[in-house]
Amino acid sequence: MRAAPSGRFSVQATLALAAGVFSLVVLSAIGVVADLAIRATIERSVFEDTERAATDWIGSMTTGRPPPPVTTSDVDLMQLVDASGNVVSASRAAAGRPPLSDFWPLSEDRIEDRTECSGAGCVMFTATRPSPQEEQVLWGGESHLVYAGRAQPEILATHRLELFLGAGVLAASALMMGAAWILIGLALRPVEQMRRRLAEVTVTDLSLRIPEPHGRDEIARLARTANATLARLQETVEQQRHFCSMVSHELRTPLTGMRTQLEEALLYEEVDPHQAIRDALGTAGRCDSIIDEMLLLARVRAAPHSQERVDLTALVRAEAAARPPGVPIRVSAEEGVAVRGNAVQLGEVLVNLLANAQRHARAGVEVTVARAGGRAVVTVLDDGGGIPQGDREKVFQPFVRLPEAHRRDPQGSGLGLAISRAIAEGHEGTLKVEDSAAGAKFVLRLPLAEIE
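The numbering of the sequence shown is the working numbering, which starts it at -15 and goes up by one.
In short, the hints are calculated from the structure, not lab data. Since the structure is predicted, the reported quantities are computational estimates derived from the model, not experimental observations. A hint or two may mislead.
Beta-carbon label-pair distances, calculated as ranges [to be verified]: (1) Lys378 to Glu412: 17 to 27 Å; (2) Asp201 to Val315: 20 to 30 Å; (3) Ala67 to Gly43: 16 to 26 Å; (4) Val5 to Ala77: 17 to 27 Å; (5) Ser68 to Gly152: 43 to 53 Å; (6) Thr352 to Lys378: 24 to 34 Å; (7) Pro431 to Ala156: 53 to 63 Å; (8) Pro257 to Ala356: 54 to 64 Å; (9) Leu159 to Arg23: 19 to 29 Å; (10) Ala268 to Val335: 16 to 26 Å; (11) Val5 to Glu196: 28 to 38 Å; (12) Glu202 to Gly152: 28 to 38 Å; (13) Leu159 to Glu202: 19 to 29 Å; (14) Thr39 to Val16: 32 to 42 Å.
All C-beta atoms in this analysis are idealised placements derived from N, C-alpha and C, irrespective of residue type, glycine included.
Using the sequences provided together with the hints, build the complete structure.
Shown next, in the form of structure tokens:
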């Protein structure tokens, strides 16, 4: 009983872990994209500032000594370098330092953004060459270059951004896994309640039902299906118990009589032993007939019928013609009424209905075969005393025999009509006793076969 909850937790943990892994993968991809986007944004912002500072300084220069550069907190490293690599002018932060770089842009691409690193750290700068006209005016055509830069921001120089994003991804994944754990637990709670209730169901008590959640989701449908299955199982077990009880009762009477007959033959010399044996054999034959009919009823209830096409009109006529002479049977049938099923089992139904009708009829039996409402309808009507309204369902119960039936057929088992109804229901049909002006009217309805 303790392994089941761990199984539920295993499913819950598996699903929560899957949600956590999925969120980790997705958020990691988002984190990588965010890291690249943030770095690109910061780099673009830095180079925009350095390009602006370089062009502003060049624009402020006149002939003679260049004015000192105007620096900001973001761009503090500025140098003017001549063609020989000498620093002509520099900002305070860049004064006394060698040129920020030995990179010299080409004339066709006068502005270049670069990042260079050394033992002192990394510097992001823009190398800008004045135009040839500016060089001619300012320095007599001599080439000069302006470097404007700053130390690389710490967020770009270190892996702090990746650490922050990684921590955020892990935290978000953990939160999503925890949320998934809680939500999956709530979703599986009705399943666990159903499991516990099913564990309480035993063969001796099949009346318990599992709780049905509201709604039409998969768990609610599962609960309703399980309850419907339990209801069918309860009905089947109750039928089996009732059936076994009736079988034991029906067999006990003839077996007790046979035992008495044999004991009398042994105890009393005046009893003819041959006659006792003949009587015992007759009783054994009746028991054998009851057992055969019991097995037939069990097979009909348990096994599905075949799906062959059966000409019901021809089958009714054949069974009516095969009945022994005596009470006449008149058949009125539409041609070509066909159903799908087992011809042998349907013949058994017709034999039972015709035999029952002949047994109770006074002058004759009328049989009709017709189509009605998408079904084949077979009606067997006798002109006997009929069946009282309150007994019309009892006659279909195993071993139940009305006084009139017992008087007309003392050796009958009372299983014929029960078998007939079981066969009808196995063919998705019905067998009922319906109202009639006189006599008993049995009506068999079966689904029509599709036209081929």
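Report task. Report the numbers of all earlier hints that the structure fails to satisfy, in ascending order. Result -> 2 and 4
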